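*Asks:* Residues per chain, in single letters:
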Amino acid sequence: MRPEGAAGIRVVALCVPELPLQRARRGRAATTGDEGVRPLAIVSEGRVAHCDALARAAGVRAGGTVSEALAACGRLATEPLDPAADGAALRALAESVLTLAPAVELSPPDVLLLDASAAHLLVSAGDPREPETCLAERAIAAAAEMGYAARAAVATGRAPARALARHGPPDGFVAHGADGPGARGARATTESGGVLRVPPGELAAALAALPLEALGLAADVALRLRRLGLADAGALARLPAGSLAHRFGPAGVAAARLARGEDDAPLAPYAPETLPVEALELEAPAEGAEPLLFALKRLADRVAARLAGRGLGATRLRLTLKLDPRGEERVLVSLAQPSASAARWLAPAKEHLFTLRLPGAVTGLALAAIEVARIAPEQLAIGDRPEALAALETVLARLAVRLGDGALFAAEPVERYRPEAAYRSVPFRPSPRPRASGPAPTAETGAPDAPAPPPRPTRLLARPEPVVAEGEGGRLTALRVEGCARAVLAFDGPERLRGEWWSSPFDRDYYRVRLEALGECWLYRDAGDGRLYLHGFFD
Amino acid sequence: MSAGTERHLLVARLRDEIRRIERRPGRRSGAVPCGRPEIDAVLPDGGFRRGALTELAGGPASGKTAVALALFAALGADELAAFVDGAGELYPPAAAAMGVDLSRLLVIRPGGEARGGERGLAALWAAEAALASGAFAAVAIDACVARAIRGADAAARRLQAAAEKGGAIGLWLASRGGAALRVPAAVRLELAADAGRVVARRPGTVPARVGASDAA
Numbered sequence: 000m001r002p003e004g005a006a007g008i009r010v011v012a013l014c015v016p017e018l019p020l021q022r023a024r025r026g027r028a029a030t031t032g033d034e035g036v037r038p039l040a041i042v043s044e045g046r047v048a049h050c051d052a053l054a055r056a057a058g059v060r061a062g063g064t065v066s067e068a069l070a071a072c073g074r075l076a077t078e079p080l081d082p083a084a085d086g087a088a089l090r091a092l093a094e095s096v097l098t099l100a101p102a103v104e105l106s107p108p109d110v111l112l113l114d115a116s117a118a119h120l121l122v123s124a125g126d127p128r129e130p131e132t133c134l135a136e137r138a139i140a141a142a143a144e145m146g147y148a149a150r151a152a153v154a155t156g157r158a159p160a161r162a163l164a165r166h167g168p169p170d171g172f173v174a175h176g177a178d179g180p181g182a183r184g185a186r187a188t189t190e191s192g193g194v195l196r197v198p199p200g201e202l203a204a205a206l207a208a209l210p211l212e213a214l215g216l217a218a219d220v221a222l223r224l225r226r227l228g229l230a231d232a233g234a235l236a237r238l239p240a241g242s243l244a245h246r247f248g249p250a251g252v253a254a255a256r257l258a259r260g261e262d263d264a265p266l267a268p269y270a271p272e273t274l275p276v277e278a279l280e281l282e283a284p285a286e287g288a289e290p291l292l293f294a295l296k297r298l299a300d301r302v303a304a305r306l307a308g309r310g311l312g313a314t315r316l317r318l319t320l321k322l323d324p325r326g327e328e329r330v331l332v333s334l335a336q337p338s339a340s341a342a343r344w345l346a347p348a349k350e351h352l353f354t355l356r357l358p359g360a361v362t363g364l365a366l367a368a369i370e371v372a373r374i375a376p377e378q379l380a381i382g383d384r385p386e387a388l389a390a391l392e393t394v395l396a397r398l399a400v401r402l403g404d405g406a407l408f409a410a411e412p413v414e415r416y417r418p419e420a421a422y423r424s425v426p427f428r429p430s431p432r433p434r435a436s437g438p439a440p441t442a443e444t445g446a447p448d449a450p451a452p453p454p455r456p457t458r459l460l461a462r463p464e465p466v467v468a469e470g471e472g473g474r475l476t477a478l479r480v481e482g483c484a485r486a487v488l489a490f491d492g493p494e495r496l497r498g499e500w501w502s503s504p505f506d507r508d509y510y511r512v513r514l515e516a517l518g519e520c521w522l523y524r525d526a527g528d529g530r531l532y533l534h535g536f537f538d
Numbered sequence: 000m001s002a003g004t005e006r007h008l009l010v011a012r013l014r015d016e017i018r019r020i021e022r023r024p025g026r027r028s029g030a031v032p033c034g035r036p037e038i039d040a041v042l043p044d045g046g047f048r049r050g051a052l053t054e055l056a057g058g059p060a061s062g063k064t065a066v067a068l069a070l071f072a073a074l075g076a077d078e079l080a081a082f083v084d085g086a087g088e089l090y091p092p093a094a095a096a097m098g099v100d101l102s103r104l105l106v107i108r109p110g111g112e113a114r115g116g117e118r119g120l121a122a123l124w125a126a127e128a129a130l131a132s133g134a135f136a137a138v139a140i141d142a143c144v145a146r147a148i149r150g151a152d153a154a155a156r157r158l159q160a161a162a163e164k165g166g167a168i169g170l171w172l173a174s175r176g177g178a179a180l181r182v183p184a185a186v187r188l189e190l191a192a193d194a195g196r197v198v199a200r201r202p203g204t205v206p207a208r209v210g211a212s213d214a215a
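Line by line, the protein sequences are chains A and B.
By numbering that gives the first Met the number 0, the letter at position 220 of the first sequence is numbered 219, and the numbering carries on one by one without gaps.
By numbering that gives the first Met the number 0, the letter at position 79 of the second sequence is numbered 78, and the numbering carries on one by one without gaps.
Quick caveat, the hints were computed from the structure, so don't treat them as lab data.
Just so you know, these numbers come straight off a predicted model, no measurement behind them.
You may find that some hints are simply not true.
As the list claims (entries may be wrong) - Stretch-level coverage of chain B by chain A, calculated; a stretch enters the list once three of its residues show a Cβ under 8 Å from a Cβ in chain A: (1) 31-45; (2) 103-109.
Unchecked claim - Chain B stretches covered by chain A per the calculated footprint, using a threshold of three residues with CB under 8 Å from any CB of chain A: (3) 61-68; (4) 145-157.
The C-beta atom is built at its ideal place from N, Cα and C for all residues, glycine as well.
Just chain B, same shape as in the assembly:
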């Protein structure tokens, strides 16, 4: 009998082992605090959740890019980050000054010559590919795309699923404005610069979804 139990135990252990080996590469869980108390305090898990999309909304100088860079700097030493730079405005020297290891940050700047709409769609596609790949721990998306563009809405809706698949932290950098594309993010933060400090708040408009396990 004991031999039977031993075999059961062995089979169970091997099964766990196989599961561990077969696990998707980038599959991680938990949340990563970005190290800025005013932001982490507002987030439901005390940090940016892996495998989920978080929206950072604010004006052109509200500090949303700085939050994304702070998160990149807070990632583990073996983790990679990507910045989908649809607007082509990211200034890497600032990232380096904030402690981001530039050699581990992939900047994706879609087609310089493509027209605005196509470039936005390319940015959305690149964001989806990067999120779902499992190779990046965090992907910030500055898609710079208007809601009116055909296909943008559907592409944006796929981002949350892609983040889940790749176990990546997705950061959607949204500029305020009626024409801007909205994404169904798990958490939405509104940022504003106030007397040199960044003020973050989670609007009540995003309902209880926030705590739920899957939001897509």
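Bound-form chain A, shown alone:
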């Protein structure tokens, strides 16, 4: 036999068996204890596409009509098959494992392929575990975090790994390279979310025992092959390479190549585009905050896992509550720092939830990350003072709930001549690590010998107040502010500020004036109307 898989890459195939069924289960949560008690079937065009173990035990079989299924099991709950939602679920799962491997490929309907070439990076030196097995276990754990039971196979080449993961280890195959006592019971561990690892030299043996259907052949083609006396993939692999093409076409050739373990195609990496949204229907309408929080925590875990997989943190979340019987309530949660930690989101979200006055019970929730920012790897670790950060998130949420989001801001300087437009409000997001001694983006950036910037008042009036000048002999002696004459002790200026001719032009001469019993004020003479205005205080 030719040496197989010499050029192929090592691939972890993560398979979520019965994905539509698992997705339907996961979406019907879990406020009550009777989760999963009713048998469930996924139906499409009047036929049962998938059914769970309970339904199977009651006599429902996949492929049968819905009426047959209902006749066999009256308590059967049905859900329509939704390929688009299943595809989205698979993409969501892919996002949560993106950090584990250099490339992740979607292989619909229910498999993700992870490039295992960098698996050794996941295992610290001295760890006795097999790196590829470790990668596969981490992927299964990530799937569990997202609410799916998955199993994995590690093999050389995409298609072999995929076939092994989807089908599970073939009967009679014993993975010699598998470690420990689990090797003999490989099938059992795989069923319960285990890992099947096929060492590079044993791929042919692992594939040989697979039934023909596991190679991705159509049922009728598999039947014709079987009539020819080809019982399994091993028999197919032993056929001469050219003999299948004229009878079975490209599908036959592909199946034979797969049976021989020939697949050295690289992975087609998945790059996510949209921001994550996770939704949940509540089993029973929730009146109080407790069941909502419970469901919210689950959603937050899932959204956080997807963001963390992409190295992103949320800075703004949108929680949508579906109300009974109709309508919805939206809550925007802003975060002080981008974070992919569900626990950090919950404190501010709680503040919002507890102050909500809902007109009806809540039947479902959806959580979306609507603003994200890249987070540096060190921020993924626990910060220096996580409790201080939690205190900050909580107080910001409290303030935002009572005063409104617009009432809280950090200022950012803007290069504008018009004084009142020289800064703008940005969300308050202090960097977790204080700025190093590098150049500050604010006033200190100028060259050391640059002239000092003109002084600015600490307070600026929202509406400039007209003042009346009093003088004798052409000399300014006093200003009448709010009806009260104040002697002018000193003044400095003018500083001419003008511009914005394209929208609302202004032309002002600013003076810094020291008034008796008042202190230093900032006044300007408007070239438009020639009048004096009080604009601020050097308080």
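Fit chain B to the given chain A structure using the hints.
*Replies:* Just chain B, lined up with the frame of chain A:
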């Protein structure tokens, strides 16, 4: 016997450790000088005391806002500050020019459209929340609220306790005038601009409370 002593020592050490871990986030102590000698010299601890409320009283251009901003600029690099801007007059470019890191200064400007009294109360409430949170090392409050407003007096009295709880420096910026709200602050400074310099003095009207450990 030595094993017993060792265990005692271990228990004591662990107890300290637990205490350290359980300590409230913002809990700090001591005083922070604002870096302006004419102000720091007048303050009893040589700076603004953490966990206490200090009142800065003066006219509209007496320099009280500048003192608050100078204190913000003097805070540690990992510390945050908040300015409760009830009047909506704070001009951040001036703060930046004084060396305040604007990204670490939260400006709280309660309800633009709310009526005067409600806005003042909202400012007091926000000040209390910010002081007590432990997230901010210093909170300046320009509440801009009249004494006559119902509930303002009680809210103002809670500020000192909130500052203590959060270990924050509270700065109450008070404008002079009969109708303005007074707060029971630990220290009161009167500021006035005199020939371009700020003159600060501590009036004798605030009694020995100043040095005492808790003033509320």
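*Asks:* None of the hints should be skipped; say for each whether it holds.
*Replies:* Structure-based check of all given hints:
1. Counting residues of the region 31-45 of chain B whose beta carbon lies closer than 8 Å to any beta carbon of chain A gives 0, which falls below the threshold of three, so the coverage claim is violated.
2. By the rule of at least three residues with a Cβ nearer than 8 Å to a Cβ of chain A, the coverage given for the region 103-109 of chain B holds, with 7 such residues.
3. Check result for the region 61-68 of chain B against chain A: holds, 6 residues qualifying (beta carbon to beta carbon below 8 Å, three or more required).
4. Residues of the region 145-157 of chain B lying with their CB closer than 8 Å to a CB of chain A number 0, which falls below the three-residue condition for coverage.
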